[in-house]
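Participant: Sequence:
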Amino acid sequence: MRVLSHGVRAGRRFAPALGLASAMVLATQLAVVAPVAAALPGLTQVTSTGPSNSDWKTWQASCPTDSFLVAGGGRINGGGGQVVMDTMVPVFGGTDLYSVTGREDDSPGFTGDWSITATALCARPPDGWEHAESATGWDSNSSKTLTVSCPLGKRLLGVGVEVNGGLGQVVVDDLRPSADLSNVTITGIEDGTGYAAQWQLQGEVICVTAPAGLARVTGFGVFDSTPVKSAVASCPAGQRVHGVGGEIDSGAGQVRMTGIDLLSDTQVRVTAAEDEDGLASNWAPRAYAICA
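Residue numbers (my numbering): 4 to 295.
None of these hints come from the bench; they were simulated from the model. Keep in mind that this is a model prediction, so the values were computed, not measured. Cβ atoms here follow ideal geometry from the backbone N, Cα and C, with glycine treated the same way. Keep in mind that a hint or two might mislead.
[Claimed, not checked] SDA-like cross-link-like pairs, simulated, lysine to any residue; straight-line CA separation at most 25 Å:
1. K147 x Q205
2. K232 x T188
3. K147 x L282
4. K232 x S267
5. K147 x R179
6. K232 x A182
7. K232 x S55
[Said to hold, decoys possible] Pairwise CB distance ranges (calculated):
8. G216 x G112: 37 to 47 Å
9. D280 x D252: 15 to 25 Å
10. G112 x P230: 33 to 43 Å
11. P44 x G281: 26 to 36 Å
12. T68 x G140: 20 to 30 Å
13. F223 x S267: 13 to 23 Å
14. G131 x D252: 45 to 55 Å
15. G241 x W141: 44 to 54 Å
16. R127 x G96: 13 to 23 Å
17. N56 x T212: 35 to 45 Å
18. L155 x S228: 35 to 45 Å
19. S253 x D116: 27 to 37 Å
20. P128 x Q201: 19 to 29 Å
21. A199 x P111: 17 to 27 Å
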């Protein structure tokens, strides 16, 4: 596992380009939401929506100058359950940002247009800021699980996942912060048609010295066979969201998380949809809000 402290952040990862070079100049909606109250000083939510088209794509939300990324999330707008959100990662360099990639599944794909919304949670330099990452090996196993832990004494705010390989045929099933916020468990599962080649699962955490009242709150969706559903986790009164997470219970690789992001500054929403073949059995989404 690699650990990076706030004093030497630069140079770990740089955001991939969009599928089309011109996409950065297409229609974009950008919103910066000022916090109501936060345990971290200067906590700010930045949300950006990229172009709507039928290409696989990456989109980012960038932190204001001189602030640190502490967490992030994303969602697919459109896609009909046929777009896999296979990368949601922090990016550090001259400007901190949170990057989200979506890919259509292998067959039949999605004939309509879709877009990505990325969200970054940023703050003035938090006490004890560190970034850690780990990865599985490369193989063709149908599922992989990885746990990434914070350095001793730190607690996580931000989480990230990247499926290397997979090409839209590997579903991120779990992005689950532990109850004590010392680690995150990440699971990737091949979809219903499988994936013959090798692939790798990479996970990341952003950790800090725990701010006041830091805790994980869970919201459960309905466990049934409804093809599209959501779950919401709400912070206790007087607290706000400092990080997000989500998972699918019993999705068997045939349910895609289409959103893991902020519904408001006090709520996290996880949305999910069955693939084009559907899933006959029951399943449910879970949302995790990291609150302080």
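Participant: List in ascending order the numbers of the hints, as given earlier, that are violated by the structure.
Facilitator: The structure breaks hints 10, 11, 12, 14, 20; every other hint is satisfied.
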